[in-house]
Amino acid sequence: MAARILPVIKLTTKLGIAGGALYVVYDSGLLGSSEQGAVALGKAKAAVPPAVDEWMKYFGVEAQFPTLPKMEFAPLEAWNSGVRWTISSMSDAPTKAVDYTHQSIQYVKDLTK
Amino acid sequence: MSENELGKKWDRCLADAAVKLGTGLGVGIVFSVLFFKRHTWPISLGSGVGLGMAYANCQNDLRSHYMIRKAEKET
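For the record, the sequence lines run as chains A and B. For the first sequence, the positions run 3 to 115 when my numbering is used. For the second sequence, the positions run 7 to 81 when my numbering is used.
Calculated directly from the structure, the hints in this document are not laboratory data. Note that the Cβ used here is the ideal one computed from N, Cα and C, for glycine as well. Keep in mind that a hint or two might mislead.
Sample of chain A residues with no beta-carbon within 10 Å of chain B, all distances over it, derived [as the list claims (entries may be wrong)]:
| # | residue |
| --- | --- |
| 1 | A4 |
| 2 | I7 |
| 3 | L43 |
| 4 | A46 |
| 5 | M58 |
| 6 | Y60 |
| 7 | S90 |
| 8 | A95 |
| 9 | V100 |
| 10 | Q108 |
| 11 | Y109 |
Derived DSSO-like pairs (lysine-lysine); straight-line CA-CA distance at most 30 Å [what the hints assert, rightly or not]:
| # | chain 1 | residue 1 | chain 2 | residue 2 |
| --- | --- | --- | --- | --- |
| 12 | B | K43 | A | K16 |
| 13 | B | K76 | B | K14 |
| 14 | B | K14 | A | K47 |
| 15 | A | K47 | A | K59 |
| 16 | A | K12 | B | K43 |
Here are the computed distance ranges between Cβ atoms for each label pair [claimed, not checked]:
| # | chain 1 | residue 1 | chain 2 | residue 2 | range |
| --- | --- | --- | --- | --- | --- |
| 17 | B | L12 | A | D94 | 24 to 34 Å |
| 18 | A | T88 | B | G13 | 16 to 26 Å |
| 19 | B | H71 | A | L78 | 15 to 25 Å |
| 20 | B | A62 | A | Y25 | 46 to 56 Å |
| 21 | B | S8 | A | T14 | 15 to 25 Å |
Take the sequences, apply the hints, and build the full model.
Written as C-alpha cells, this is what we have:
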C-alpha cells in the first residue's frame, strides 16, 4: 500500500513545488512587460543588502565589507565624447593634412635656402 | 524620440533582460532538478525563453513610439 502511494506523493510534491515556483514568478511580474521587469530588478537590488546583513548576523559574522569607492567616471559620457572627438578629428583630417604638408614643404624649403 | 527617452528605454530593456534571464534560469533549474534528472537542456531552454521574451518586450517598447494607436487615430 505504502509502496504504491509513495510515488504518487513524490509526484504530487514535485508538481506542487514546480507549480509554486511558476506562480511566484507570475505573481511577482517577472514575466510581464519591461516596466514590471525593471521594477522587479529595483526591488531585488534594494532587498539584497538587508538580506546579506541578516544572514551575516545569523551566522555571527560581523565583518563589514568595504564599500566600493565611488568613481567619478561615467562610461557613457566617456564613450560619447570619444565618438564626438573621433568624428570631428576625421572631418578635420584632410584640412590638417594639407596644412601640415604645406608647413613641411615650407620647412624643407627654408632648410635648403 | 528624444535621446533621454531612448536611453531610458534601453535601460529598461537591459534591466528586463537581466530579470527574465535570471527567472528563466531559475525556473529551468527547478524543472531540471525535479523532473528531468538534472539534465542541462531545461536550463538552456528556460534561459533561452527568458531572453526571447526580453527581446520581444524590448522590440515592442522601442517600436511603440512610432505606432499610431487607434484612440489617437480616432481623435
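So, going through the hints one by one against the coordinates:
1. For A4 of chain A, the shortest C-beta to C-beta distance to chain B comes to about 22 Å, beyond the 10 Å cut-off, and the non-interface label holds.
2. At the 10 Å boundary, the C-beta of I7 of chain A stays outside the reach of chain B, the nearest C-beta of that chain being 19 Å off.
3. Against the 10 Å criterion, L43 of chain A falls within the reach of chain B, whose nearest CB is about 5 Å from its own CB.
4. For A46 of chain A, the non-interface assignment is contradicted: its Cβ lies about 8 Å from the closest Cβ of chain B, within the 10 Å cut-off.
5. Taking the minimum C-beta to C-beta distance to chain B, about 23 Å, the non-interface status of M58 of chain A holds against the 10 Å cut.
6. Distance check on Y60 of chain A: its Cβ is at least 23 Å (rounded) from any Cβ of chain B, clearing the 10 Å threshold; non-interface status holds.
7. Interface exclusion of S90 of chain A from chain B stands, the closest Cβ pair being 19 Å apart, more than 10 Å.
8. Consistency note on A95 of chain A: stated as away from chain B, and its beta-carbon is indeed over 10 Å from all of that chain's, at 27 Å minimum.
9. The claim that V100 of chain A is not at the interface with chain B holds, since no C-beta of that chain comes within 10 Å of its own (minimum 35 Å).
10. The beta carbon of Q108 of chain A sits about 45 Å from the closest Cβ of chain B, which is more than 10 Å, so the claim that it is off the interface holds.
11. With 10 Å as the threshold on Cβ separation, the claim that Y109 of chain A sits away from chain B holds: the shortest Cβ distance comes to roughly 45 Å.
12. Between the alpha carbons of K43 of chain B and K16 of chain A the distance comes to roughly 12 Å, so the proposed pair stays at or under 30 Å and holds.
13. Among the hinted pairs, K76 of chain B with K14 of chain B is consistent with the structure: their alpha-carbon atoms are about 25 Å apart, no more than 30 Å.
14. Pair hint K14 of chain B plus K47 of chain A holds up; C-alpha atoms about 18 Å apart against a cutoff of 30 Å.
15. Taking the CA atoms of K47 of chain A and K59 of chain A, the gap is about 20 Å. The hint holds against a cut of 30 Å.
16. This hinted pair checks out: K12 of chain A and K43 of chain B have alpha carbons roughly 14 Å apart, not beyond 30 Å.
17. Between L12 of chain B and D94 of chain A the beta carbon distance is about 28 Å. The supplied range of 24 to 34 Å therefore holds.
18. At about 21 Å, the beta-carbon gap between T88 of chain A and G13 of chain B stays in the expected band of 16 to 26 Å.
19. Judged by the Cβ atoms, the range 15 to 25 Å given for H71 of chain B and L78 of chain A holds: they are separated by roughly 21 Å.
20. The given range of 46 to 56 Å is broken by A62 of chain B and Y25 of chain A, whose C-beta atoms sit roughly 22 Å from each other.
21. Judged by the Cβ atoms, the range 15 to 25 Å given for S8 of chain B and T14 of chain A is violated: they are separated by roughly 54 Å.
Violated hints, in rising order: 3, 4, 20, 21; the structure is consistent with all others.
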